[in-house]
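Trainee: Sequence:
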Amino acid sequence: MNYAHVFHAGNFADVFKHALLARILVYLNRKDAPYRVIDTHAGEGAYDLAREEADRTGEWREGIGRLAALDRTSDAGQLLAPYLDIVGACDAEGRPQIYPGSPAIAQKLARRSDRLVFCEKHPEAFAALKARFARDRRVKTLDLDGWTALGAFTPPPERRGLALVDPPYEARDEFARLAKAFAAAHAKWSTGVYALWYPAKDRRETDDLWRSVRASGARSALRLELAVAPTEEGGGLTRTGLVVVNPPFVLEAEAHVLLPELARLLERSPGAGAHLIEAFEV
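Taking our numbering as reference, the numbering of the sequence shown is continuous, increasing by one, and the terminal residue is 282.
Keep in mind that a hint or two might mislead.
[Unchecked claim] When the alpha-carbon atoms are kept at most 30 Å apart in a straight line, the in silico BS3-like pairs for lysine-lysine are as follows:
1. K201 / K140
2. K188 / K121
3. K130 / K108
4. K121 / K108
5. K201 / K180
[As the list claims (entries may be wrong)] Computed beta-carbon distance windows for the label pairs:
6. R30 / E52: 13 to 23 Å
7. T191 / G94: 33 to 43 Å
8. D91 / E53: 10 to 20 Å
9. R137 / E233: 28 to 38 Å
10. T191 / G88: 27 to 37 Å
11. G235 / T148: 26 to 36 Å
12. V250 / L276: 29 to 39 Å
13. R172 / D32: 22 to 32 Å
14. R56 / D143: 37 to 47 Å
15. R51 / G151: 30 to 40 Å
16. A131 / F249: 32 to 42 Å
Keep in mind that the hints were calculated from the coordinates and are not lab data.
Note that beta-carbon positions come from the ideal geometry of N, C-alpha and C, so glycine has one too.
Could you put together the complete structure from these sequences and hints?
Mentor: Set out below in structure tokens:
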């Protein structure tokens, strides 16, 4: 319960995760039928990057701050447009006034008929989350453990939707808990889209998660990773990943456009950026 995402808001992992989240939601909007978004570890919902915590780490400078160099007319720029339009105008350093977390992105892209469930257990983060979305009748904010929420809210009444699972990975068994919780939810709601975020520090853990997804009975999944520097033993986070189960059929092709450009923009030294795209379908 010590984790506070404000220290990391807008960093390279957020850019990666939120850009892909926006693409998934854009796809869900193609059909008229309503859907539900379940965000199991929602945090505060959005972050003021001028706060002391964010300024102390300055991680946003190597994340959202780097996207000022993006060519918005390029193919990647057009795919990033829904995400960047929500981020909004940035100052001379590339810092937006408020950085949108996944709940704010989902709120902006969801339609009047869609429903959103945001869960957060940290008391201060939940208070901020509840206050931010209190006036939106589409949104339900819950002081609830994310793992409990994933089981409790699947399947949703709409039958369509997205479950975003991005725990803080403070506990040593978080990867195992993610795999177990996903398998249980998928057994009840096999048609939903699941976006499982992870920090890629230990290749064995990330490979085990991918194998668990393949063994779950999922009919299709996409594994996407982005590295901004080589991984060093005991070093900080330099690689992040997202497993998308039942991905939109366009997402793999879009990833082939997005990830090389993000790797180029976010790399910490020339040639250090890298990406991984792996898929299966049965």
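Trainee: With reference to the structure, classify each hint as holding or not holding.
Mentor: Outcome of the hint check:
1. K201 / K140: violated (33 Å)
2. K188 / K121: holds (24 Å)
3. K130 / K108: holds (16 Å)
4. K121 / K108: holds (23 Å)
5. K201 / K180: holds (20 Å)
6. R30 / E52: 13 to 23 Å: violated (42 Å)
7. T191 / G94: 33 to 43 Å: With a Cβ separation near 39 Å, T191 and G94 satisfy 33 to 43 Å, so the hint holds.
8. D91 / E53: 10 to 20 Å: Given a distance of about 18 Å, which is inside 10 to 20 Å, the answer is holds.
9. R137 / E233: 28 to 38 Å: Violated, at about 49 Å.
10. T191 / G88: 27 to 37 Å: Taking Cβ atoms as reference, T191 and G88 lie about 34 Å apart, which means the hint holds.
11. G235 / T148: 26 to 36 Å: holds (33 Å)
12. V250 / L276: 29 to 39 Å: Cβ of V250 to Cβ of L276: about 19 Å, so the range 29 to 39 Å is violated.
13. R172 / D32: 22 to 32 Å: violated (44 Å)
14. R56 / D143: 37 to 47 Å: 27 Å Cβ-Cβ, so the 37 to 47 Å window is violated.
15. R51 / G151: 30 to 40 Å: 33 Å Cβ-Cβ, so the 30 to 40 Å window holds.
16. A131 / F249: 32 to 42 Å: For F249 against A131, whose Cβ atoms are near 38 Å apart, the range 32 to 42 Å holds.
Going through the hint list in order, the structure does not satisfy hints 1, 6, 9, 12, 13 and 14.
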